[in-house]
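Asker: Chain by chain, the residues:
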Amino acid sequence: MGEVVKRPSGLTVIETLIAATLFITSVMVLVGLYPASARAARQSQGHLMATYLAEQELEFARGRGFDALTDFGNSYELEVRNNGATHEITFTTTVTVKEIRAGLKSVTVTVDYLAPDKFNRQLKMETYVGSTTPTS
Amino acid sequence: MVLALLLVAVSAVAQQGLGTLRQARVEESKKQAVLAAEAAAVDAMEQLVSDPTFEGPVAEVEMDIGATYSATILNNTTAGGGTQFASNGAEVPEGCAYILAQGEMGTIRRQVGVLVTRGSASALGIAVGVGGLVDMSGSKRIAGTIKANGDIDLSGSTRIEPLDSSGQLLSSKAISVSGSTRIDDTQDVLARNGVSGNIRGAYEINGSDTSVSTEPFINDYRTTNSLLSGEKGSVLPNPDPTVLLAGAIIYDDDGDPLTTQGPASPDDLNLGGQVHYFPYGLDFSGSSTITGPGTVVVGGGYPMNFSGSSRIAQVNLVAIRGSYNGFPNTPSNDASISLSGSSRITGLVYAHDGVDVSGSFRLEGLVIAYDSVTGNFTTSGSTRIELDSTVLADIPGFEPWADGFGGTGGIPAGSASFGVVSWERL
Chain H
1 MGEVVKRPSG LTVIETLIAA TLFITSVMVL VGLYPASARA ARQSQGHLMA TYLAEQELEF
61 ARGRGFDALT DFGNSYELEV RNNGATHEIT FTTTVTVKEI RAGLKSVTVT VDYLAPDKFN
121 RQLKMETYVG STTPTS
Chain E
1 MVLALLLVAV SAVAQQGLGT LRQARVEESK KQAVLAAEAA AVDAMEQLVS DPTFEGPVAE
61 VEMDIGATYS ATILNNTTAG GGTQFASNGA EVPEGCAYIL AQGEMGTIRR QVGVLVTRGS
121 ASALGIAVGV GGLVDMSGSK RIAGTIKANG DIDLSGSTRI EPLDSSGQLL SSKAISVSGS
181 TRIDDTQDVL ARNGVSGNIR GAYEINGSDT SVSTEPFIND YRTTNSLLSG EKGSVLPNPD
241 PTVLLAGAII YDDDGDPLTT QGPASPDDLN LGGQVHYFPY GLDFSGSSTI TGPGTVVVGG
301 GYPMNFSGSS RIAQVNLVAI RGSYNGFPNT PSNDASISLS GSSRITGLVY AHDGVDVSGS
361 FRLEGLVIAY DSVTGNFTTS GSTRIELDST VLADIPGFEP WADGFGGTGG IPAGSASFGV
421 VSWERL
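Line by line, the protein sequences are chains H and E. With my numbering applied, the first sequence corresponds to residues 1 to 136, in that order. With my numbering applied, the second sequence corresponds to residues 1 to 426, in that order.
No lab work stands behind these hints, which were simulated from the structure alone. Fair warning: this is a prediction, and the values are worked out from it, not measured in the lab. There could be a bad hint or two in this list.
Said to hold, decoys possible - So the derived list for chain H, only partly shown, Cβ under 8 Å to chain E, looks like this:
hint	residue
1	Leu48
2	Ala68
3	Gly130
Idealized CB from N, CA, C, for every residue including glycine.
Based on the provided sequences and hints, a complete structural model is requested.
Answerer: What follows is the structure in structure tokens.
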């Protein structure tokens, strides 16, 4: 009878290396994704702030009343907080008024800002104001 | 197993970041859709202002930003319609219109429902409406709004009180006050060329106003209470002389025949509910009494003068430039009213060329001085005016202004032909 060679239990060096590589790669991907995800979160916060600012500027425009409605602009420095880190973003708003017809004007707000990802972003919102539009 | 857990963790982290960004963009689209719907409502309201019978719809409009809007209208402003219901079930009472406006941004749609009513903002509450300037000295108390195309100068003690929510000081030029001046905290002081002096109270004091409130009265001698296309503001009343004098009792200085030119100086007058026309002017002196109801008119640009103590109950005083039945042939263009001494009047005091009051003056009604150059209102002495705009409804030729100055059907176009009852985001 031939001698039975019993394979020792456990992983071979090769298997261990492959498993370790996969684990390390995954962890690296995870670690790498985390800042990207945090950046996206900050970006979304910047976007939301730009949206609210645009809405606020439109309310200002309405409050001026139809006859006094002309182009104007503002600059705002606001803080964005995310996971304990704070970033300051400068938002520049430009309100452009265009007459659609007698008694009706289009008001467009453009919000420009340098997003946390260091890209210039822009958001636009538009509504109409009429000579009978309530101001509040 | 470990790998699976790691994959789940990786995807969760990625999802979180991307999800919040997507959410922010959705939020932007939602707000833009609401703004587009509001634009539709505003568009529809403007069309209703231009044409109160407008029944829509407002066809789809693409805004510069890419959002679109449209609106449907249930116009129930025609009398006799009873309560109706809009397509979304909203109740639209008689006299109202309902705008169901929708805006779309991408795949997101939002609606706004606006209920408006005609005429709610029609009562301008003008106690003193002047085409020229206002110059008031002495102690004065006015319940209602003072509005002038020219300057308003107030000296001495001034108190402006709100009556039916109107007690403002409005000038298309400048306002200057000296002495104690008090305005109610709910009321505005607005002028286009500055406000000077110390004013207590007032909700807003603005010397650079450009709103429709300080838009000059339209006083180009039109005899209709309606605006031409593109006009703003309100039309000062100007009666058609043929309507005003159609059933008038006509006087000259000595009765019939109507040939002698010169102001009449009658004794006490009992008007008996009629219009009494003095084509060559009128002089009252001493302690005179005119008993109403009724209307006293001087025409041809001649003045109406009262001196002494006048008690003029339920009487309207009207001085117009227009002539009647061909006389007088040469109007003097001094269609003014002058009151000196103590005057107590209930009714309208109206002159094309100015109203001048000296001494104590009590008025329940309103004062109108029409002309841009000569239509001034000046007072000295103690003055008390309490607005009662209903007097206009009883004077022939003034009825179109009974519900307000300017616009269709007495509605002050350019300000708010339709008052907003409710404005809801649905």
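Asker: Does Leu48 (chain H) hold up as a contact with chain E if the rule is Cβ-Cβ below 8 Å?
Answerer: holds (5 Å)
Asker: Close enough to count: is the Cβ of Gly130 (chain H) nearer than 8 Å to one in chain E?
Answerer: holds (4 Å)
Asker: Tell me if the interface restraint on Ala68 (chain H) is satisfied: Cβ within less than 8 Å of some Cβ in chain E.
Answerer: holds (5 Å)
In this structure, none of the earlier numbered hints is contradicted; all agree with it.
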